[in-house]
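Each protein sequence line maps, in turn, to chains A and B. In this text, residue positions in the first sequence follow full-length UniProt numbering: the first is 1, and each later residue adds one. In this text, residue positions in the second sequence follow full-length UniProt numbering: the first is 1, and each later residue adds one.
Everything labelled a hint here was simulated from the structure, so no lab data went into it. A portion of the hints provided could be inaccurate.
Note that identical chains are pooled: a pair holds if it fits in a single copy or bridges any two copies.
The calculated DSS-like cross-link candidates involving lysine-lysine, where the alpha carbons are at most 25 Å apart (straight line), are [said to hold, decoys possible]:
hint, residue 1, residue 2
1, LYS15, LYS62
2, LYS69, LYS105
3, LYS42, LYS105
4, LYS22, LYS88
5, LYS62, LYS87
6, LYS105, LYS88
7, LYS51, LYS15
8, LYS105, LYS62
9, LYS87, LYS105
10, LYS105, LYS35
Values in this document were obtained by computation on a predicted structure and should not be read as measured data.
2 protein chains.
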Amino acid sequence: MRDPRLHCPLTVAVKAISGKWKLYILSMLSDGTPKRYTELLKSTCENLTEKMLTSQLRELEKDGIITRKVYPEVPPRVEYMLTASGKKLCAIFEPLYEWGMEYMKNQRHEKLPWLEMGLRELS
Amino acid sequence: MRDPRLHCPLTVAVKAISGKWKLYILSMLSDGTPKRYTELLKSTCENLTEKMLTSQLRELEKDGIITRKVYPEVPPRVEYMLTASGKKLCAIFEPLYEWGMEYMKNQRHEKLPWLEMGLRELS
DNA sequence: TGCCTTACTTACTTTTTTGTAGGTTTTGTT
DNA sequence: AACAAAACCTACAAAAAAGTAAGTAAGGCA
Chain A
1 MRDPRLHCPL TVAVKAISGK WKLYILSMLS DGTPKRYTEL LKSTCENLTE KMLTSQLREL
61 EKDGIITRKV YPEVPPRVEY MLTASGKKLC AIFEPLYEWG MEYMKNQRHE KLPWLEMGLR
121 ELS
Chain B
1 MRDPRLHCPL TVAVKAISGK WKLYILSMLS DGTPKRYTEL LKSTCENLTE KMLTSQLREL
61 EKDGIITRKV YPEVPPRVEY MLTASGKKLC AIFEPLYEWG MEYMKNQRHE KLPWLEMGLR
121 ELS
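Start from the sequences, fold in the hints, and give me the full structure.
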């Protein structure tokens, strides 16, 4: 028997967005204006490496979520932007984002370090 | 600087559902009736191991998505069901599922083995 | 000629996630 | 006394994802 998850649209959708940097990339592109490689690379305070950026971009492209446009110049210029499918995807994020807000509110209670916990118990 | 993704509700939400068996578990529980451990373990044709089932259940529980109820019997009986938060989450899956359907339609074209590809080109 | 820029590769290591194959507990039944 | 059933747990191994540190191409400019 084959893996039914390969045929589940939901699983497939979740997989398409669950690379470590994909949501970041999508958030950068979601304003509609195309972004260059270096622009994506540098717009985060975190350690997004070239290897990771490239691999995540490739996967998003293969999945039809973003497009890659190469300008024949030297030094090269490459711009990335959302496809129609990618835009639809981003629109869907809204309710998930809302759920995440609630989630974070609730999780907070369990994750406090012991000092804060103690102080809270006093009030 | 701290990792902003830890503070992004969307990232956090996606993380909460991206374990290998979580969507399967949620789909099993989404009809509202509680499910036992073995029931979850056996309702798939795939190789869901006890270790994996347990770890995924624990994570979903920790994330407030499901509840775990132990009945003090021998042999033990443990039932899992969705929390209110889990139900909300499942409701959100609808549009993602729809997107996944579209995605699969489009991906098909790129993933066909060469034989089918060739045949399609003839028509 | 040698250096600069951008957008990448590639080989290798580390970390994280899954898988495998065992063992444990607690009563009831044979 | 031995065995069964359900829901686990544990140590170790394999696989997948991510990180590190280098190298590459191509034309413009000093």
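Hints and how they fare:
1. LYS15 / LYS62: Both: 13 Å inside a copy, 22 Å across copies.
2. LYS69 / LYS105: between (41 Å within a copy, 24 Å between copies)
3. LYS42 / LYS105: neither (30 Å within a copy, 35 Å between copies)
4. LYS22 / LYS88: Intra 15 Å, inter 24 Å, cutoff 25 Å: intra and inter.
5. LYS62 / LYS87: Close inside one copy (15 Å), not across copies (32 Å); limit 25 Å.
6. LYS105 / LYS88: Between copies, since 15 Å is at most 25 Å while 27 Å is not.
7. LYS51 / LYS15: both (20 Å within a copy, 22 Å between copies)
8. LYS105 / LYS62: between (36 Å within a copy, 14 Å between copies)
9. LYS87 / LYS105: For LYS87 and LYS105, the Cα distance is within 25 Å only across copies (17 Å; inside one copy 28 Å).
10. LYS105 / LYS35: For LYS105 and LYS35, the Cα distance exceeds 25 Å both inside one copy (33 Å) and across copies (28 Å).
In summary, the numbered hints that this structure violates are 3 and 10.
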